[in-house]
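**Q** Spelled out from the first residue to the last, the chains are:
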Amino acid sequence: MTYETQPAAGHEMIRLVDVHKEFDGETVLDRINLSIAKNEFVTLLGPSGCGKTTTLRIIGGFETPTAGDVLFDGQRINDIPAYQRKVNTVFQRYALFPHLNVYDNIAFGLRIAKKDAKDIREKVTSALELVELRGFEKRSVSSLSGGQQQRVAIARAVVNEPKVLLLDEPLAALDLKLRKEMQLELKNMQKQLGITFVFVTHDQEEALTMSDTVVVMKEGVIHQIGSPISIYNEPRNIFVADFIGESVILPGTYLEHCLVTFAGQKFVCVDTDFAPGESVDVVIRPEDVDITEEPSEGALRLKVTSVVFKGVHYEMLADGEDGQEWMIHSTTMAPEGQIIGVSIKPDNIHLMKKSASLEGAAVQ
Amino acid sequence: MKPALKKAYLWLVFTFLYAPILVLVVFSFNASKSRASWEGLSLRWYIELFQDKAIMTALANTVIIAVVSAVAAAIVGTVAAVGIHNLKGWKKSFIMNVTYLPVLNPDIVIGISMMLLFIVVSFPRGLASLIIAHITFGLPYVVISVLPKLAQLDPQIFDAALDLGATPREAYMQVILPQIMPGVFTGFLLAFTMSVDDFVVSFFVTGNGVANLAISIYSMARRGINPKINAVLTLLFAAVAAMMYLIQKRMGKGVAKGAAEELR
Ligand SMILES: Nc1ncnc2c1ncn2[C@@H]1O[C@H](COP(=O)(O)OP(=O)(O)OP(=O)(O)O)[C@@H](O)[C@H]1O
Ligand SMILES: [Mg+2]
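Residue numbers (the numbering used here), protein chains in the order written: chain A, 301 to 664; chain B, 17 to 280.
If you are wondering where the hints come from, they were derived from the structure by calculation, not from laboratory data. Virtual Cβ for every residue (Gly too), placed ideally from N, Cα, C. There's no promise every hint is true.
Just a few of them, taken from the derived set where beta-carbon distance is under 8 Å, the chain B residues facing chain A [said to hold, decoys possible]: (1) 55; (2) 170; (3) 173; (4) 175; (5) 182; (6) 195.
Let's have the full structure, built from the sequences with the hints guiding it.
**A** And the structure:
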């Protein structure tokens with residue numbers, strides 16, 4: 301499939317064209333195509349080992365692609381060494397310089413670039429302000445907490461005013477609360493600085509919260525590129541549906557215009573681009589399963605097998621008459637063993653091409 | 017063992033190790049030329065020593081050779097260690113073993129083979145050949161001290177330097193070197209001490225009458241022990257002891273210290 305299907309949004313900053321990477325004959329990236337616009341917040345999302353770091357390292361210039369091109373602002377940069385690229389990185393484990401204090405760590409890039417002393421002082425000071433570390437100038441980096449080190453790493457990168465900032469799971473080492481705070485801070489920082497962010501995570505919630513565009517990867521293949529909403533509501537295949545949020549995935553058959561059958565019942569749906577009689581995968585989000593007042597009112601009857609209180613909602617597992625297991629998120633609770641009726645609104649039924657055609661779906 | 021017994025044992029070992037040196041040091045301050053009787057404290061031999069042209073030249077040679085060869089070994093050895101560190105698989109272990117071999121190799125083998133090499137390539141023997149030989153046997157000590165420091169480094173640190181615009185050269189000088197410097201310095205001190213201490217290799221590779229302290233003391237001793245030798249050896253011992261103290265301080269708990277603590 302051609303690459304053009306990804307809309308060229310605004311001014312293009314980075315473009316990967318058929319980028320292929322092998323390590324010792326093992327394919328790690330399989331013909332990746334990706335376009336990143338100026339000021340866009342793009343997140344590479346995927347399970348461990350899917351090639352996120354490798355993609356980032358290719359953009360940063362630390363790995364050369366086995367085949368394919370890396371374009372930066374329209375220029376091919378395959379042969380430009382890392383130290384000449386206008387890209388800065390926040391590394392997975394920060395990689396701060398232990399022999400330098402906070403100030404000197406942040407000033408490193410400016411000193412290498414031989415900026416004058418006054419300039420350096422001003423820029424480092426405002427970078428320290430940005431990450432709220434004023435007063436920490438003289439501290440040794442090893443005496444800082446994880447969150448503080450991470451902010452030094454960010455300051456050290458952004459102080460050079462890169463056009464693109466690469467961030468490799470920068471929040472992975474932080475506890476949940478701090479991580480949520482930093483997510484917001486990073487997002488604000490990106491808007492404030494007007495820098496393109498390429499962010500790597502394997503946390504789908506983080507990806508959905510922060511990004512303009514999410515790139516879902518698995519085993520070196522890009523499975524879907526899209527806005528958080530479209531990735532969540534219109535996953536392209538079983539892998540994406542399963543990886544992003546919770547979902548029930550059932551086999552079904554497209555009957556005719558806006559009519560589909562699954563779990564032994566006919567349902568009205570909103571998808572139209574399937575052929576009558578075509579086998580499809582049906583994705584239903586647990587929060588889209590509505591429990592009816594009376595079991596008889598529902599399109600399906602299910603038997604509740606477990607109930608877990610999750611704070612805002614209850615998470616229930618229930619079995620259908622055909623043995624299919626359903627997950628339901630609801631604010632009303634049905635006790636274990638009860639028979640309930642459920643209905644699903646047409647626009648909450650999402651149909652996908654059968655997963656046999658994964659390759660077709662893989663490239664957007 | 018009972019504590020008292022342990023203590024006695026410790027003293028026995030120390031006596032065994034240090035009694036000869038103590039005698040040497042004491043007799044270097046003896047007023048008489050006799051080696052058997054004590055006739056009062058005097059700095060006579062030290063004064064004579066500093067007036068002895070041959071010994072002073074040898075001392076100068078020793079210092080020149082040790083400084084130049086240890087500095088050269090530190091530089092070449094550090095570069096070599098970085099190269100070895102970046103190798104992978106069997107090549108790495110092969111090169112590492114090749115580097116470590118000279119440490120175990122007896123001095124006499126190194127000495128004679130270096131001498132043969134200098135003869136074969138008709139390199140003039142003297143100060144230059146001595147320095148080259150000392151660099152050769154000092155090198156592995158630097159590599160051995162630097163490699164563990166490199167292994168401890170976060171591999172991303174080098175990438176981080178490049179990322180911030182440093183050329184590979186700048187990254188090595190400004191980021192890697194400061195962090196492996198303790199290892200480089202330890203290697204330098206070891207190479208320096210080995211050089212000051214060396215007799216066997218120097219004896220074979222020197223020529224044209226160039227002598228270091230070890231060689232000139234050896235030739236003096238053949239003509240009978242002069243108390244000047246006691247004085248120069250005392251100085252040599254003091255210098256080496258100072259070096260060892262520095263090395264131990266750098267390497268943390270030294271072997272001797274560890275043993276002493278176990279006996280306590
Ligand atoms: N230098 C290398 N040599 C050989 N294989 C490598 C190298 N770097 C990465 N790989 C392999 O490439 C694959 C992708 O690695 P990568 O680091 O890009 O994954 P990732 O998506 O960042 O995973 P994680 O979430 O665990 O960080 C893995 O199977 C990894 O083992
Ligand atoms: Mg990674």
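**Q** Are the hints correct? Go through all of them and say.
**A** Structure-based check of all given hints:
At a threshold of 8 Å, the smallest CB-CB gap from residue 55 of chain B to chain A is about 57 Å, leaving the interface hint violated. Hint status for residue 170 of chain B relative to chain A: holds, with the closest Cβ pair at about 6 Å, below 8 Å. The interface hint given for residue 173 of chain B holds, since its Cβ lies 5 Å from the closest Cβ of chain A, which is under the 8 Å cut-off. Because the smallest distance between the Cβ of residue 175 of chain B and any Cβ of chain A comes to about 5 Å, under 8 Å, the interface hint for this residue holds.
For the restraint placing residue 182 of chain B at the interface with chain A, the shortest Cβ-Cβ distance is roughly 5 Å, inside the 8 Å limit, so the hint holds. For residue 195 of chain B, the interface hint holds, the least distance from its beta-carbon to any beta-carbon of chain A being 6 Å, beneath 8 Å.
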